[in-house]
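Asker: One-letter residues, chain by chain:
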Amino acid sequence: MSYDMIALVMFLGMMGLLLTGQRVFGAIGFVAAMAAFLLWGDGGAELAFSAAMKLMKWYPLMTLPMFIYMGYIMSESRIADDLYEMFHVWMGPVHGGLAIGTIGLMVIISAMNGLSVAGMAIGATIALPELLRRNYDKVMVTGVIQAGSSLGILVPPSVVLVLYGMIARQPVGQLWLAGVFPGLMMAGLFVLYIAVRCRLQPKLGPPLSEAERNIPWSRKFALLRAGILPLLIFFSMTGLFLMGVTSLVESSAVGAATATLAALVKGRLNKQVMEETLRKTLSVTCMFMWIILAALCFGAVFDGLGAVKSIESLFVGRLGLSPWEILIMMQISYIVMGMFLDDTAMLVIVAPLYVPLVGALGFDLIWYGVLYTITCQIAYMTPPFGYNLFLMRAMAPPEISLGDIYRSIIPFVLVMCLGLGITMAFPDLALWLPNWHYGK
Amino acid sequence: MPNWVKSYVRRVERLNWLIGRATIYMIFAMMGVLFYSSVSKTFFVPALWTLEFAQFLMAAYFLLGGAYSIQLNGHVRMDLLYGRWSERTQSKWDVFTSLFLVGYLVLLLYGSLSSTYYALEYGERSYSSWRPYMWPVKVTMTFGIVLMLLQAIAQFFKDLAAARGEPLS
Numbered sequence: 004m005s006y007d008m009i010a011l012v013m014f015l016g017m018m019g020l021l022l023t024g025q026r027v028f029g030a031i032g033f034v035a036a037m038a039a040f041l042l043w044g045d046g047g048a049e050l051a052f053s054a055a056m057k058l059m060k061w062y063p064l065m066t067l068p069m070f071i072y073m074g075y076i077m078s079e080s081r082i083a084d085d086l087y088e089m090f091h092v093w094m095g096p097v098h099g100g101l102a103i104g105t106i107g108l109m110v111i112i113s114a115m116n117g118l119s120v121a122g123m124a125i126g127a128t129i130a131l132p133e134l135l136r137r138n139y140d141k142v143m144v145t146g147v148i149q150a151g152s153s154l155g156i157l158v159p160p161s162v163v164l165v166l167y168g169m170i171a172r173q174p175v176g177q178l179w180l181a182g183v184f185p186g187l188m189m190a191g192l193f194v195l196y197i198a199v200r201c202r203l204q205p206k207l208g209p210p211l212s213e214a215e216r217n218i219p220w221s222r223k224f225a226l227l228r229a230g231i232l233p234l235l236i237f238f239s240m241t242g243l244f245l246m247g248v249t250s251l252v253e254s255s256a257v258g259a260a261t262a263t264l265a266a267l268v269k270g271r272l273n274k275q276v277m278e279e280t281l282r283k284t285l286s287v288t289c290m291f292m293w294i295i296l297a298a299l300c301f302g303a304v305f306d307g308l309g310a311v312k313s314i315e316s317l318f319v320g321r322l323g324l325s326p327w328e329i330l331i332m333m334q335i336s337y338i339v340m341g342m343f344l345d346d347t348a349m350l351v352i353v354a355p356l357y358v359p360l361v362g363a364l365g366f367d368l369i370w371y372g373v374l375y376t377i378t379c380q381i382a383y384m385t386p387p388f389g390y391n392l393f394l395m396r397a398m399a400p401p402e403i404s405l406g407d408i409y410r411s412i413i414p415f416v417l418v419m420c421l422g423l424g425i426t427m428a429f430p431d432l433a434l435w436l437p438n439w440h441y442g443k
Numbered sequence: 015m016p017n018w019v020k021s022y023v024r025r026v027e028r029l030n031w032l033i034g035r036a037t038i039y040m041i042f043a044m045m046g047v048l049f050y051s052s053v054s055k056t057f058f059v060p061a062l063w064t065l066e067f068a069q070f071l072m073a074a075y076f077l078l079g080g081a082y083s084i085q086l087n088g089h090v091r092m093d094l095l096y097g098r099w100s101e102r103t104q105s106k107w108d109v110f111t112s113l114f115l116v117g118y119l120v121l122l123l124y125g126s127l128s129s130t131y132y133a134l135e136y137g138e139r140s141y142s143s144w145r146p147y148m149w150p151v152k153v154t155m156t157f158g159i160v161l162m163l164l165q166a167i168a169q170f171f172k173d174l175a176a177a178r179g180e181p182l183s
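If you read the protein sequences in the order shown, they are chains A and B.
Each number in the numbering used here corresponds to the 1-based position in the first sequence with 3 added.
Each number in the numbering used here corresponds to the 1-based position in the second sequence with 14 added.
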């Protein structure tokens, strides 16, 4: 059997095993470790554990448990409640204003955390019930929360960009800064979509009632104080990192400590909050780490089979595509694979195959990191497999059905594809800020 | 199910629960080490050992906590088909596919034993200015993988019992 065939069989074997519903890490790990053993015998059998040693040395991944911990501290202790209220009061009077405010809330949470988990949890527990109570359309609201929380991996800090940075060997600082404007643009597009849609179909997002709008200005301004806390957390983490005071991983620990302190000062830190946070942090961290562990082994086998060369000869040689066509093909293949494959595993397995080719074609790898992250965002939301879908299913109130969740993402995925297209067409959108900050 | 199976499952679950409950607090140890690292770097002489020690803690955290995370049902599954099956059908498939999980963990254990053996025999040290011995972390990792394997086997028994319509506990 040729090496290409073996790689293909492995890939299909993994897909098949995933479909049986076994835990993702078990399915990927088994195919990878078994293939290594059959291909290279005794030495290959050690490949599974070599991946663990490699994972240990992927030091920047320590940001992962820190961000997860931080996200749960913020959602469990409900320190974001008054932040929601701020948006509620200020944006409420507009058509679809609460949905627009929720996007604003998500942007701020994204600036405090590098995963979409925190945004999902806060959106589903705080914003969702409030919006439903005020007769917002449930399909739209569900979409708003999923799309909004996916900004968590684009707006700095971002764990996906950390992982990409390790695979593509690019500096995380530049990657994070490159995510700022595309992230804000994406949020802007969401807002635009909501505003236009609610203007055309006012019953999707009615403005607040007269009674609820009647809030004295002093109270309105007092609520703006809620914005201080996120600023503080943002500064303690991303700020100190970009100024070069703390290293990447250190700043995530400082951020986690700051969030804990904030919850303590607000008097929201009790035994139950701590218990939930610690247990869920372990659970989610283990899920990600075991998947990455298994996927690293899979990637190592692919590497041994020379899959990078195969991909290159497929795109450049056999299909004879131009660089831009290849880039577009790659993004489309990511989106399609992202529907069926685990998103983290895809990053670890597929990105190392694509990144060398992207570099060889002369594209900027920082810019590509942003494109990659936007594709990941889409993959997080598209059924049948996506983390945001999982979380939404677990957290949504009973009146929201699976069909509602699936239907809700369609317009937002289209908007995100538009955002992806804009970022592809105008690389400066991503690259201007890092170039300016690092003085290139 | 025979009594020894029930007793095995009960003991393994208890052990992994205890270890998992202790492991959840390791996040504070990581945070503390990194925090100390940033403080010492900013105000005093940077510490040599912090980054590497944090790596060891991280490896221990997810390997020792792995078994508990399985108990918590924290691992995602692809539920395109799985989600539509009845619980009984799910268990039947799990009995079969648990063997793959066990197979992966056995290969992982094989690699870790050989690596740990090497570290012990030659007194392997890390290539860094701190130069710690590698065996303590490797022994810890191997221990975590053993726990995971024990849990996966317990899971297999639980699925088998559920597939036969007499779930344990």
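Derived by calculation from the structure, the hints in this document are not laboratory data.
C-beta: ideal position from N, C-alpha, C; glycine also.
A portion of the hints provided could be inaccurate.
To be verified - Among chain A residues calculated to face chain B with C-beta under 10 Å, some are: (1) 20; (2) 37; (3) 194; (4) 260; (5) 271; (6) 366.
Asker: Just pull the numbers of the violated hints for me, sorted ascending.
Answerer: Going through the list in order, the structure violates hints 3, 5, 6 and respects the others.
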